Amino acid sequence: NAGVMQNPRHLVRRRGQEARLRCSPMKGHSHVYWYRQLPEEGLKFMVYLQKENIIDESGMPKERFSAEFPKEGPSILRIQQVVRGDSAAYFCASSRDDQPQHFGDGTRLSIL
Amino acid sequence: GENVEQHPSTLSVQEGDSAVIKCTYSDSASNYFPWYKQELGKGPQLIIDIRSNVGEKKDQRIAVTLNKTAKHFSLHITETQPEDSAVYFCAASITGGGNKLTFGTGTQLKVEL
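Protein chains in written order, with this note's numbering: chain W, 4 to 115; chain V, 185 to 297.
If you're looking for bench data, these hints aren't it; they were derived computationally from the structure.
It is possible that part of the hints are untrue.
[What the hints assert, rightly or not] With a straight-line cut-off of 27 Å between C-alpha atoms, the simulated DSSO-like cross-links for lysine-lysine are:
| hint | chain 1 | residue 1 | chain 2 | residue 2 |
| --- | --- | --- | --- | --- |
| 1 | W | K47 | V | K252 |
| 2 | W | K65 | W | K30 |
| 3 | V | K206 | V | K242 |
| 4 | V | K255 | V | K206 |
| 5 | W | K47 | V | K226 |
| 6 | W | K47 | V | K206 |
[What the hints assert, rightly or not] Counterexamples of contact, computed for chain V against chain W with all Cβ distances above 12 Å:
| hint | residue |
| --- | --- |
| 7 | L230 |
| 8 | E240 |
| 9 | A247 |
| 10 | K284 |
Values in this document were obtained by computation on a predicted structure and should not be read as measured data.
Glycine residues also receive a C-beta, built at the ideal position from the N, C-alpha and C atoms.
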């Protein structure tokens, strides 16, 4: 029974490049959430998706960030034209309906 | 929006002692309160949760209490062991209302031998 799978675990990008983070939810989970964690801080909500739909993106920066959860395949968090301030750990969680959220081990994004 | 405050930020206890971490929340509509344990380099792991229709929940050495009137909830770990050392996060959400979790800033727990 695989948990939430995120890849890559570590990603290094230069300023101005694009970063793509992938998340495969637990089997049977149709709800996906993305959170960002800065060093020494708690997790901040970014976006909540169900299959093919964005339900709540109130935590997403207005520019450069986008997320999708297609009918087939993993959820993708995309950051265009990355800047140093995007360096963080990005965590994905999944759940069934109103059930508890289970987290993956995250993608550590470093911007050179 | 919801705001969750967590104290203390660091906690050091001797093995076998109890540890208590406290959180307060601001939105009276919040009705679900999970606690997560995060080890270095790993994602948060759910250890216990409580819904607003109960005041206390226990699972072996771990218990959570909720005071809806005062809008605060606490994590209690008894008979602490070195493997309990980690960062603990409380969170709050409104189930059925989008489910997004608002996290506290974390407590670094160190259990010393």
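Structure-based check of all given hints:
no., hint, verdict
1, W:K47 with V:K252, "24 Å, holds"
2, W:K65 with W:K30, "31 Å, violated"
3, V:K206 with V:K242, "16 Å, holds"
4, V:K255 with V:K206, "11 Å, holds"
5, W:K47 with V:K226, "16 Å, holds"
6, W:K47 with V:K206, "19 Å, holds"
7, L230, "5 Å, violated"
8, E240, "18 Å, holds"
9, A247, "17 Å, holds"
10, K284, "4 Å, violated"
Violated hints, listed in ascending order, are 2, 7, 10; each of the other numbered hints is respected by the structure.
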